[in-house]
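If you want the building blocks of each chain, they are given just below.
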Amino acid sequence: MRLVCMMFSCALAATAQLVPFDPEYVIPKVNPHTTPADLKNGQQLFMGQCARCHGPKGEGGRGAVLAQPKLRHAPDDESLFHVIQEGIKGTEMPAGYAVDTLETWQLAAYIRSLGRMAPESVPGDAKRGQELYRSKGRCSQCHIIGGQGGSLGPELTEIAARRSAAHLRAAVLDPASTLPEGFLEVGLATKDGRTITGVRLNEDTFTIQVIDLNGEIHSFIKSDLKELQRDTGKSPMPSFRAVFSASEVDDLVAYLYSLRGNQ
Amino acid sequence: MKRLVCLLAAVVPLTAQVSYDRLRQSDSEPANWLTYSGNYSAQRYSGLSQITAANVRHLRPTWVYQMQTTERVETSPLVVNGIMYVSEPGGSVTALDTQTGRPLWKYTRNLLKGARGCCGQVNRGVAILNDMVYVGTFDSHLVALDIKSGIVRWDSEVADPKLGYSITAAPLALKDKIVIGIAGGEYGVRGLLDAFDAKTGKRAWRFWTVPAPGEPGSETWAGDSLKTGAAPTWVTGAYDPQQNIVYWGTGNPGPDWNGDARAGDNLYSDCLVALDGDTGKLKWHFQFTPHDTHDWDSTEIPVLADAVVRGEKHKAVLFGNRNAFYYVLDRTTGKFLAGRAFAKQSWAKGLDDSGKPIVLPNSTPTTEGAKIYPDLTGGTNWFSPSYSPHTNMFYVPSRDVGGVYLKGNAEYKEGAQFNGGGQKPIVGEDPTGAIRALTPETGEMKWEFKLYSDAGAGILSTAGDLVFAGTNEGDFFALDATTGRSLWHFQTGATINANPVSYMSGGKQQVAIASGNSIFVFALEE
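Taken in order, these protein sequences are the chains called P and V.
Under my numbering, the letters of the first sequence match residues 1 to 263, in that order.
Under my numbering, the letters of the second sequence match residues 1 to 526, in that order.
Chain P extracted, bound-state conformation (with noise of 0.2 Å):
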């Protein structure tokens, strides 16, 4: 699904590219306008345009989900100001025709609310987290950090640029209960005898890719197949609560809280 939705994205609109505001207004790179009149104003006006596709708390729907600390076409104030008065060519964001700059400062403020996490004070040792990631845990067998790893779980670069502390606990602990969007174990069985069992990397109407658990890509007609198993909710990943005491786990998740790239 997540491919699908990709592809989807490429195959969108853009508008005209047009400045309704004063084309002499010099954009600050910091949004001037952040006072708590200003977010109420910028919620409503959030409410009227934006959460058709958005969603009212930035949650995504046909557009892309806000309420993330990062946004990739606006990583600063700057380009947030670009990207609401002009829209994002090659997708259906549209330009904010009708907002003018203190209307845009405003929205941009709200947006910024939206993902707005305030930094956690976990417990744990960072330091001690990266060794046991490295040696007890043998995370890196399935993850990715900084280039290094397997790569059959997600990538763990920026995670914490987008998950929680607890969300990273209960990732460590119950992986089902944190499977990232759009993610499928899957069981097949072809006509000719095969079995495999492995994570959907994409699937239509007529075929499915997977990976399997020792990293080999597959690729199958579905009418050529007996079974196809979807196994919803479930993770290749197994639990490490039995791997870790209480204190690694702390350890584990400080580390992995620190990952946030080069934010």
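Since the hints were derived computationally from the structure, they do not count as laboratory data.
Mixed in with the good hints, there may be bad ones.
[Claimed, not checked] One-sided excerpt, in silico: chain P residues whose CB lies under 10 Å from chain V: (1) 52; (2) 55; (3) 204; (4) 223; (5) 225.
The beta carbon of each residue, even a glycine, is placed where N, CA and C say it ideally should be.
Please build the complex by placing chain V on the supplied structure of chain P, with the hints as guidance.
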């Protein structure tokens, strides 16, 4: 490009006049595809039978034409005597040689400042009448092009784009007029359907889909809410030449999800309107979703066919609606004949004897969020259904998707979006859908072909008893029209958001579909 045109003109048959009589009798020349939906009855049915269930597995790409655009391509081409006329995003038009896919001429639309729309600069196609090609533009103009060169003959404003009007629909040519609808349902515009004189570009008539204060229907809007009532007309309708009636679907009332300020049925939103082809005067209307608060535009395709309902033969109109119900109406009177749900829905117990929905409680947006089926994109949408007189089945691209509807504030500001809420997906539910074959007289399902995700492309049925359709994941495929059995598929590499067409070129039946930014054409391999 000029040199190229000269060269090709020597070997490509010259364009012929596409008279109104030819359009009326388009079923008699299936080698061409003369109107948006293939014929005035909007059946999207091809009388060609060279490609059949027995040989469709030999279907291969003939050529691909790539547009230089990152916009979404929803176009449905026309084909006349070896030349394909393709609209491109914004309202550009290209003429292609059907043998080679090489361009013959191109009209590039440079959009005026202020053009805006909810959902991208899409354009769904052109109309042809006599020696001109007609296209609606995203900046809300109707343009007539010389059929041999693409040079502009006239260019008329339909409505002011700064107010939120745009055009994404293909025009419909009839007699000496070009009928064109507008988009803008998310901007609180006053909806309209216009007809222009085909030769001069002067407006011949206008039908306002929202009445003026004091006019019939105005009593269905509280206060002055009708001033921002929307009800756009953004998908091409059908025409019955015998009765001289234009049938056209209308869109959602504004604001979309907050109906507090517009108590009443909100005519003529979410209706099928039947208009006199000469004057645009309203003959009858049928409202599918009174006082809509879900954005369930009724701008789907009205399909004209004869139907025997309860032993009585009717000139009928068949309608698969975004609200997830299928309707059969008498197209002379507008009387409801039959209907039932064809896709997953949770908002109505059913339809009463007059076709009105029996609305269930807790089925409108709330500030906390209400889970309702279908979602705002609906049980189906703008992409075309198909009716095959050969199998007597109605084929509808279906979506079984719900949404959490939220009600918010709605304050009208000229030219700004005017939505009054939003929708979010239901967590844990992936969108699903199917191609469904219905008995046209009742809506009873004969078969379904399940899709991996929700339907987003239209359907073509053929005299070879095939059904062609596309998927979000890029598969273009053929089914047995009688059983729904899968017979052939081809991965195009991008989402398909368009309608297929079929025609003859070089003595071979071709099937064409837009996918991604490209037109793919298929024929049987030698």
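(request) Hints the structure violates: just list their numbers, smallest first. (result) Structure breaks hint 5 only.
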